[in-house]
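> In order, the protein sequences belong to chains A and B. So for the first sequence, the working numbering puts the first residue at 1; every next one is plus one. So for the second sequence, the working numbering puts the first residue at 1001; every next one is plus one.
Don't read these hints as lab results, they were simulated from the structure. All C-beta atoms, glycine included, are put in the ideal place defined by N, C-alpha and C. Incorrect hints may appear among the rest.
[Stated by the list, open to error] With the C-beta cut set under 8 Å, the calculated list includes, among others, these residues of chain A facing chain B:
#1 V17
#2 D20
#3 S22
#4 G27
#5 Y31
#6 K126
#7 A146
#8 G244
#9 G483
#10 R542
#11 L687
#12 D711
#13 I717
#14 L721
#15 M723
[Unchecked claim] Some chain A residues well away from chain B (every beta-carbon gap over 10 Å; in silico):
#16 A29
#17 M226
#18 R236
#19 P555
#20 W589
#21 I730
Chain by chain, the residues run as shown.
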Amino acid sequence: MGEISMGKFDVINSRAVRVDASDKVRGRALYVDDMKMAGMLYGALLQSPLAHAEILNIDTTAAQRLPGVKSIITHKDAGLVKFGVSPARYDETIFCHDKVRHVGDNIAAVAATDLDTALRAVSLIKVDYRELPAVFTVEEAMAEGAPVLHAAFPRNITAEVQDEFGDVEAAFKQCDLIKTTSLVNKRQDAAFIEPQGCIASYDFSGNLTLYSSTQSPHYIQRVVSMVLGIPMGKVRVVKPYVGGGFGPKAATNHMELAACLLSMKTGKPVKMNFDRQQVFMHGRSRHQFFHHMTTGVKKDGTIMALKHDCYLNGGAYASFGIATVYYAGSLLGGPYKLPAMKYHGYRVYTNLPACGAQRGHGGVIARGCWEQQLDMIAQELGIDPIEMRLRNMMSAGDVTCNYLDMSSLGMKECVEAVRDRSGWKEKKGNLPPGKGIGMSCGFFVSGAGYPIYRSDTFHGTVIIKLTEDGGTALVYTASAEIGQGSDTTFAMIAAEAMGIPLECVRLESGDTDFGVDLGAYSSRQTLMTGLATKEAGEDIKRQVLEVLSEELHVPVEDMDIKKGFIVFKGEKPDITALRTRYIKEHRGWSDNPAMDEELSFREASRMAFLSRGSIVGKGKYKPPILGGQHKGAAVGTSPAYGCSAQVVELSVDEGTGKINIEKMTDAHDCGLAINRTSVEGQMYGSLSMGLGEALFEEVKFDDKGRVINDDLAEYKITRALDMPAIEPIIVESNEPNGPFGAKEVGEGAIMPAIPAILNAVADAIGVRIFELPLKPERVYMAIKEYKMKKEKEKGIEGKTLAGSSQKQA
Amino acid sequence: MKKLIRVTVNDMEYEVAVKPNQTLVDMLRYDLGLTGTKNGCGEGDCGACTVILDGTPVSSCLVLAVQADGRAITTIEGVEGKDGLHPLQKAFIEKGAVQCGFCTPGMVLSAKSLLDENPGPSEEEIREGISGNLCRCTGYLQIIDAVKSVSK
Ligand code: FES
Ligand code: FES
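Starting from the given sequences, assemble the full structure and let the hints guide the process.
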């Protein structure tokens, strides 16, 4: 399979070809909208045109009469069971009943024989509204007497977080320099290329199967079961290939639930899709953050304390927002030694589509704010920014002030790698005007330490079954391949653990019938599903060797399986009888082993079946108890942390404010790299998303709360022409809590991108910008203001000088 | 009223009854079952629906099925030749240019028509050639690398 083995491993730590690539380049890989079922109906949603309004009446009579309409459902059919992401804030129902809270809020759904009919029926549903005053900004939402979205949450505060670790005020007293800055970003859209879609199929035995473009079949299964009142055992969620997720697809959406209900009502499969506008209206991507930070340091650059306030404009529902507001604070605990940290965060409801999780959940803008500030501090102290970061760096074994345990941390290696490979020392301070170089570090969890609902559940279970003929291992996991390459990763880990070639592994994933897996979010799968896979593989190996031991009278400890063959540590036993038996069973086969060949795994696993029946290996993983005892301590804990450093080189056109990113040198510590090509793929992808967020991404609304740029032309993401040269550097620490030493790369890699760009821009134009994105107008204005300020300063200086000279005269 | 059209798709002739407002991407996906062509936006912005129409790459979500009457189309399903995968497809696999794969069919077709026109494009020309195809996963560099590797 075109892999080059690079070290002590036979399968992992190589460059493997993805197991799904050959179907994907042929257009053969099936995504949910590529599927079709007999008798399938098509569904459509009725969504609110208003941002905040009371629902007075819903009249479906005209729609009902339309030929081809099979079912129309509203809150009357769907009930009012609340759901959401974290049980502490279940604040959504499938359909609104009393009021709508944002443009795009869901009111009804139709199933019809074809999509055109379903859409026409939707347009025939008549809703009477009484419009309510709406709030769109944090200030409006928190103002005295402001309209409230959810009665139980006065001042529209979804969640307020207050934490202090160490004594911040005392630490500030010992500081030589205290600096306060802020950073605000704009709401993002994850802009995966495949819009959400699903097919629900309810059968007449009362089983419901939902095929969905999701990142977490397990979470969807739970919510579907809870909201529709069907036992979990009768709900199966299957994830076909998914065209990207990046966060928003980790939560259950209303369309999935509506499709299930429509299928139950009609007894037919029902397909539903978001169009691109609906993707924007559904939202659930990166929040808008307002960060305000004060950092105190000693003269030598030692960081002493951080005081941090943050407001999140969250939209109409909580979604992942509680976790987001906690992450925004807790992820600054590392990677620097920070003795004291105080955090005050608010996550606020507004009449906009809900925000949720997006790559680098909660931490990206906080990191941007702080790393820019640290750069400013370094500048004021006259210390090289890289040097200052190195002086403060934690190393493996350190624990942050908020109890995050750095079980491995190749941070120093990352920083040194980007410094040396980018030519930082020669370039920093020596670039011509208009050119800049900047750097930043990043830091992220390798899987959330706790599930999103309180539970002692395993975070991942894996089953491996050997085919009875011997030779092929079937790996079953409910984990979610959404493009990141997890299927390949787990096939590789399974092969390595069993000691067989990758070709002998067949992996099926993304199906709740295969077990429990919390899914693709918080960069958790490589570590967590990986450990469960490894355990299952080792279980298989043990069972096969046990049977061999009985057959050959060799102790299990004296045997191993490597590259698909049995290795005997001591003297080789006589395998003639065993082999003869195997060959007898395969009369007529052309690929039977010759008598002098090594004993193969295929033969051994056949013997194992003959002796014990189906050989099934099981693996499971749940993290140990992690973190502190404070409220919200769970968010930010992880069995391991990935980290990264980046140097960005760019130029700024002073006449237009246009930024041209020329080169990014990026190092990421992912622990042991399972598949180097995929690790680099995650780095490239993260950087491209970070670049887009830094330079142009912004979801814009009009004064009625409607998305203005709800398409992929006006909502700009990075294109091929925008990409700079990137040098990816993989740093491999050995993570003791990860499978074969592996940990995350999927999200951590985005963390340094925005601040490194901010710092490089400041280096190029001499002025700091505290608002994203860095679109040309903003950069141009910043340059202009800076120049005017300089002129004025010069002018004043000139005057005072003149004044004093007069006096002297 | 549906209209009967005759199209050649991947060297096969089809007669299809299509609605006047039906898009080509819909016809390919739902009438002919050629679901390799993807729909990411339906409004000409993402390039996921790229097919080659009489030698020119087009966004099939912006073309009406009736406009394809009497014309020849290549979709991703038709890129593989008798001798197996097209060199571009092989290069995409080898260079790690595929992640979620949703943009891949469109990317391959844009790259193919670029190379058909200009077998030795510069890096800038490659970037131009795929600039209408959005990819949110890969950051494009491995795709550019793949195209470069099969350029003359
Ligand atoms: S689907 Fe045609 S360009 Fe996006
Ligand atoms: S590989 Fe996912 S959009 Fe390109």
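> Just pull the numbers of the violated hints for me, sorted ascending.
Numbers 6, 7, 10 and 16, in rising order.
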